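Here are the chains, one letter per residue:
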Amino acid sequence: MNQMTQAERSVQTETRDVKFECRDVQVWYGEKHALKDVGVDILDKTVTAFIGPSGCGKSTFLRCLNRMNDTIAAARVGGQMLLDGEDIYDPRVDPVQLRARVGMVFQKPNPFPKSIYDNVAYGPRIHGLAPTRADLDAVVEKSLRRAALWDDVKDRLGETGTSLSGGQQQRLCIARAIATSPEVLLMDEPCSALDPIATAQIEELIDELRDRYSVVIVTHSMQQAARVSQKTAFFHLGHLVEYASTDDIFTSPKDPRTESYITGRIG
Amino acid sequence: MNQMTQAERSVQTETRDVKFECRDVQVWYGEKHALKDVGVDILDKTVTAFIGPSGCGKSTFLRCLNRMNDTIAAARVGGQMLLDGEDIYDPRVDPVQLRARVGMVFQKPNPFPKSIYDNVAYGPRIHGLAPTRADLDAVVEKSLRRAALWDDVKDRLGETGTSLSGGQQQRLCIARAIATSPEVLLMDEPCSALDPIATAQIEELIDELRDRYSVVIVTHSMQQAARVSQKTAFFHLGHLVEYASTDDIFTSPKDPRTESYITGRIG
Amino acid sequence: RNQIQVAGSSTVLPYATIAAEAFADNTDFAAPVVEGGGSGAGIKQFCAGVGPRTIDIANSSRPMTQAELADCHANGVARVIEVRFGYDGIVFASGINGPDFALSTQDIHAALAAEVVVDGRRTPNPARRWADVNPTLPAQEIAVFVPGTKHGTREVFEEKVMAAGCDASGTRAELAALDGDKAARAACTALRSDGRAVDIDGDYTETLARVDSNPNGMGVFGLSFYENNTTRLKVAPIDGVVPTVASVASGEYPVSRPLFFYVKADHFGLVPGLKEFAEFFVVDAIAGPGGPLADYGLVPDPQLAAVQAAVAAEHVMGAD
Amino acid sequence: MSPLTTLIIILGLAGLGYLLGRRRAVALVAGDTRQLHSRPAYHGWLVALLAALPPLGLLVLGGLAGPLIPGATHGAGALLAPAAALLALAGLGVGLARISPGFRARNAVERVIGLLLILCSLIAIATTLGIVLSLVFESASFFRLYPWHEFLFGTEWTPRFGGGSKLGMLPLLWGTLYISFIALLVAVPIGLFAAIYMSEYASRRVRAVAKPAIEVLAGIPTIVYGLFALVTVGPLIRDWLAQPLGLGDSGASVATAGLVMGIMLIPFVSSLSDDIINAVPQSLRDGALGLGSTPSETIRHVVIPAALPGIVGAVLLAASRAIGETMIVVLGAGAMARISGNPFEAMTTITVKIVGQLTGDNDFNSPETLVAFALGLTLFVMTLGLNVLALYIVRKYREQYE
Amino acid sequence: MSDPAQTAPRPRRSLLQTDAGTRRRNAAERRFRTYGAAAILTAMAALAVLMFTVFRDGASAFVQARATIPVVIAADVVDPQGNRDPAEMAKILTMSYSRLLDQALTREIARSGIQVGGLTQRDITGFLSAQARADLRRAVLADPSLVGQEIEWRMMTSSRVDAMLKGRITREMAARDARTSVAQYDLAMALRDRGVVRAGFNWRFITAPDGSDSRPEAAGLGVAILGSFYMMLIVLVLALPIGVAASIWLEEFAPKNRLTDVIEVNISNLAAVPSIVFGILGLAAFINFVGLPRSAPIVGGLVLTLMTLPTIIISTRAALKAVPPSIRDAALGVGASRMQTVFHHVLPLAMPGVLTGTILGLAQALGETAPLMLIGMVAFVTTYPSAPPQGLFDPASALPVQIYNWTQRADPAFFERASGAIIVLLAFLLAMNLIAIWLRRKFERRW
Ligand SMILES: Nc1ncnc2c1ncn2[C@@H]1O[C@H](COP(=O)(O)OP(=O)(O)OP(=O)(O)O)[C@@H](O)[C@H]1O
Ligand SMILES: Nc1ncnc2c1ncn2[C@@H]1O[C@H](COP(=O)(O)OP(=O)(O)OP(=O)(O)O)[C@@H](O)[C@H]1O
Ligand SMILES: [Mg+2]
Ligand SMILES: [Mg+2]
Ligand SMILES: O=P([O-])([O-])[O-]
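Protein chains in written order, with the numbering used here: chain A, 442 to 708; chain B, 442 to 708; chain C, 7 to 326; chain D, 13 to 414; chain E, 3 to 449.
Some hints could be false.
Listed next, the in silico DMTMM-like pairs over lysine to aspartate or glutamate satisfying Cα-Cα at most 20 Å (straight line) [unchecked claim]:
1) Lys444(E) with Glu212(D)
2) Lys93(E) with Glu154(E)
3) Lys473(A) with Asp596(B)
4) Lys473(A) with Glu600(B)
5) Lys477(A) with Asp465(A)
In case anyone wonders, no lab produced these hints; they're calculated from the structure. None of the values given here were measured: they were computed from a predicted structure.
With the rest of the complex left out, here is chain A (with noise of 0.2 Å):
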């Protein structure tokens, strides 16, 4: 997966429609003012990744794109984000049909308190991808394998969720949110509690969504941006700074301060 070069995926990049096309996105937290006007052109079968220092406004950014935002009282969201390009706050949209085409992996791994088998089977299940009991079976082996679980808790789908360890819950999240195929995968931190072996794994799930996917992943690894994206926007601040293909980002920032915080990378 790794042997790509770099530059052969610049090249395909040109030729991806747009799947997001945000312009202005503003959002509040009560009198906080989180992101502010952010406008990004997300593309279809590209990996985009999410780079900033903590607190920045990625997640927030991230949670605007399937309106997960709207969980949140206090949160306000203002600007246009076209999906495809229609207007996924327009007030016709349902924000269920648009989250099942647009899933997410949360920053904080939260499996439900019941089975793993579960876990992963409720996205097929109530989209009804899986009308057998054979198929279900079929997708949530597919998902965990995909996900990298399948070896660690094959013997185990009866036990709940819960009672994984940090990184099994992250992936049995991951499994759930692929189960379900969305056309757009909102990654938040995937790997953060993953060892290398298993990140290398998800890396390479990431990189075979993109055949047919839009993958936006938040990493706070510029190795992992390097490694898996064909875009890279940096947010600072609430602001988005900068916003380019994965190589001009890492090999000739615009702004000082992507450059900045790039060079104060370590290791």
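On the provided structure of chain A, position chains B, C, D and E with the ligands as indicated by the hints.
Coordinates of chains B, C, D and E with the ligands only, in the frame set by chain A:
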């Protein structure tokens, strides 16, 4: 902080006392044997890193060291764990006193649903470490500063800790833990949600703490382990595979599993 | 609806249930449904109108007032038959282990009145012990449990004991001389509120329990209730007369009252068995001497025959 | 048709509608259910709901309009059942006709269910409205007969037969507050501590036994408590507390009623609080324990504040029951309407007098009876204030976790 | 500025020795824990005392003394016409049948050679239950061929005799009791010794309808149990879904604004409305407006439903509030609708609270008397209601009403029955709640 060479550190290691002496530690979660025959000596004034694939038992072992496993009904612990020569599972031992001496930062940030200030002030308050309000203010500020969170939150100390971003919550939990000045600090992936700069600051903090305390850190980043720790323990499938000075582990691992884990690393 | 519905006085309730049960035992009609609730509430429901949603019979421990009858008529309840089926005695009884009491209405008034006249001035009742009222009585703290104002019995108590005692002792005249007639009447029946006369909002079983738990306690009961609980209560003669079915029937015992039920003749034919029940209630075998009602403690009406005739003839109120 | 058969017919049609709707949805896409906007079950549900809800609504409305007594023979009632059945059939047809792959059946079902949820909430509102209405009119008649200021500010409560009553509610209000206060003084600490013990300290076994056992306390009829107060607790308090302290010798007292009522209210506080405390995430406890706090500190500083809204709800429920209780007060506290600070004296409450005056032997249109409605209304307004306060407290101190 | 974070590490102390501060905190901990245990124990002790009182007073209600004696169905008494015409025979009232029983008892006394001084006719008549003659009459009317025969007849003794056998009335008390006598006491003891009178389990107490004030021994709970059962059925079927639905709307869907605040406060406030006011409402709405019949379980059930709703709503809302938002996020994140999120995840997690509310609400509803007073259910009903749905509209009583009634009756035997009825009510409550308690245990989990 990172200027100190690995050699310098390993020399100092030898002179230190054993803080935790663990022999034959076993943990079962119900039927599942999660930790098997773990024996390890954790030194004083040393940073010990626990590494290993996700689900191998790092957190489990960490939770044994301050008896946090007591709170899991299904968990049973066997073997011997001596803190300064005293068995911490002795029935006469008060886990409260133990935990005051052995602080912990959990894998999933768990701030209290209280103000940021109260989150940090909680430990000093219950242990009576800050008799006056001014003392308390000072402790809170100092802890937040050391956890690299002060600048983010200094204007909003009264806001609830749960309204912080993921990385901010993690730093809040670190600040909360160091505010009580424990002798041993157990940190379960303290930097997983942090950007490189914040990570560097936390690593600096760890290095600073080492002067007086013993620090155990779980991490998935080999680089981090190599940077901050003097001793490293590698866990695999519930076994402690290898425990040696960090240099030795990373340069000449004895066990083939250790080697393959370390070389399998990416980036 | 094929069941007769009865509601009203809780004093009449036991008699009505006995009659209803016997009625069901002896006829093919369904057993009437009998509710308590108090005379006033019963009459109110009774007068609410005609039709299957309204009750057929109202029990009452006092005669229906003109106002209530007018209300009935206004609501279309034109034909109301009044049936007086017997008398009930009201007795004073104390704990079985306490001293004997022989009371008079004057004593009771003097012990329980809110205010008495001392030296020509109205003063709050100073009596603390029965002996303060009448030296022949035991030197026991006054503690009398009186039915609360929600009970019809209370009205009888005020009229036949308090007011009578007030008259007999001459207090009424003294009060009238001070404040006029109207105020005197009110003052005569006002009970002291310093805890020596205790209102009981519950029923006789509560009064009994209170007498049981208070060695000084004395309570006001219905005769039948007392007769069922002679192992725990000791009755006090009033003016020298011991309350019994006989002494109440003869009129010797002063504190008694008639008991009634009111039948909605408009429902005859509408509710099966209504007239039959009304008649059955007052036959000699039920309401007469030796019948189950008298066994239970009812003082049979000496003019029961006339009552039977009136029911049979459907003699409605206001017709004469 | 009897209501039962009508009901069975309607429900049968709804069941049929479910099956048909589902089948049709599947058939429309030739078995490839992914082409459907909504899962086949939702199509089925929608048809079922369309078949069941309108006729049921009709039946209820028809029942409100005319007596719903079975076997009622008047014309409208007899027509109602067939009409409902027809309506069900029509709903079934319409539902089936609307099915198409792109049809948003789930949204439609959810909208219907949402409406049903709102309807259910409205029942509570309707109840309130009904209560206020049934109190207001009679209260108005009362205030025509009796001056309102004497009622609201009068300190004497002496209803009499045939007029001349003094109907000041202050003594009753005082009694209500006093007795409820004592009851909560007993129930809240015991209940809260019991809840804490059950959720935080007790083993699963102890908890499995203790919780339902304590709940039995809520199921014992109040008359038993009343008799217990009257026969056992009253004399005990009189002989061991009141008389030695020289505070009176009344067997019935505020303390007696409050104490016994407090016992009855324990499960209201304990069971509900236990559930809520149990729902506080373990990670919060771990956080506090990890800092070296004792379990009790964890509970006091972290768990209870996080569970506060639920606990306030539980206490409010207990307070409500205390205010609404009759029998225990009648038997335990006596029927004395008076204002006194001495807890060993007999007093009474608004609720007791509402019951007493309403079921009493007074003329129904006399102020002595009508005062019950005014008392009810006053109580209603008073508790409303209490609840607003509670809401405010919860809003202010709520600690929302995660 | 003193800075604890800056000071040297606290001196190393043994874990086995607790320092002063910890000792103090541990003492506080122990105190706190003790308070908890004490609270549980207090509640349990109160329960034990109440249970003890109830069982002490009520257990004997399940036992009843009965006499078995040969009775001659004398034709001159029951069929003076002599033509065995049931219509004619029906004119003979039950009172006449007591002559047959009196004769039978007198014969039995003579036959077994019992000598009791001062035995009066009243003692004889009062020995057997008034129910006996009614039963005998019914048997004879049902089978006129019995006339003229001698039959072995088993019947209840009167409440006083029953109490003597149970030891509630002693010989001394009998002397003071206006309704019995020493002679009757001696007779009862003699007949018991000869096995004529014997105590046995009293099924009638559970199955029979209420008895009038003069027949406490015949009074049973049959109608009340049925009535309570019907009402609870209605309450469960209505209050639980409506309460849960209302809570879900208010907690999960309702916009948070003034109006919903008003609704919220209103519902809490409903809990504080005295139950009798619900009776007023029920009378006005269901009986006077809708026109449902008086004394019917349907009305009782509806009134109790309204009364129970706030309890269920308050506890359900509290439980819904306690479910962490992260669980909602998780479900919404995989594309579940809000409705699905609530019904698949939030509600199951809130289930313990819902069930607690149901348990408490039903307990309250099952034990409530006051509102039933106004809708005519506090009544003497001796006819069983028929099977539902018609039975919901028939007059019926209810368990708390029966208890309330019995505690008000004069004959002390009713007090025993009332306590017995409380035992039945508690058993009923337990049976009703067992499922809820079991379910709640299943749903209880930590996360
Ligand atoms: N409460 C629990 N109940 C049952 N099994 C558990 C529980 N907690 C952890 N386990 C299991 O024990 C094993 C070790 O878990 P642990 O949390 O120690 O892993 P870890 O090394 O910390 O992994 P990670 O890096 O993913 O956090 C895992 O297989 C996990 O599934
Ligand atoms: N629910 C909330 N209420 C109020 N403020 C919030 C809330 N959630 C986030 N914030 C604030 O908004 C800002 C952006 O938060 P966000 O979670 O988007 O950060 P982030 O970029 O994801 O950081 P991290 O890398 O630490 O997760 C932060 O300052 C945070 O404190
Ligand atoms: Mg984030
Ligand atoms: Mg872990
Ligand atoms: O119920 P009363 O007989 O007192 O009207």
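Checked hints:
1. Lys444(E) with Glu212(D): Roughly 18 Å separates the two Cα atoms, so the pair holds.
2. Lys93(E) with Glu154(E): 24 Å, violated
3. Lys473(A) with Asp596(B): 11 Å, holds
4. Lys473(A) with Glu600(B): Cα-Cα ~11 Å, so holds.
5. Lys477(A) with Asp465(A): With Cα atoms ~7 Å apart, Lys477(A) and Asp465(A) stay inside 20 Å; holds.
Checked against the numbered hints given earlier, this structure breaks only hint 2.
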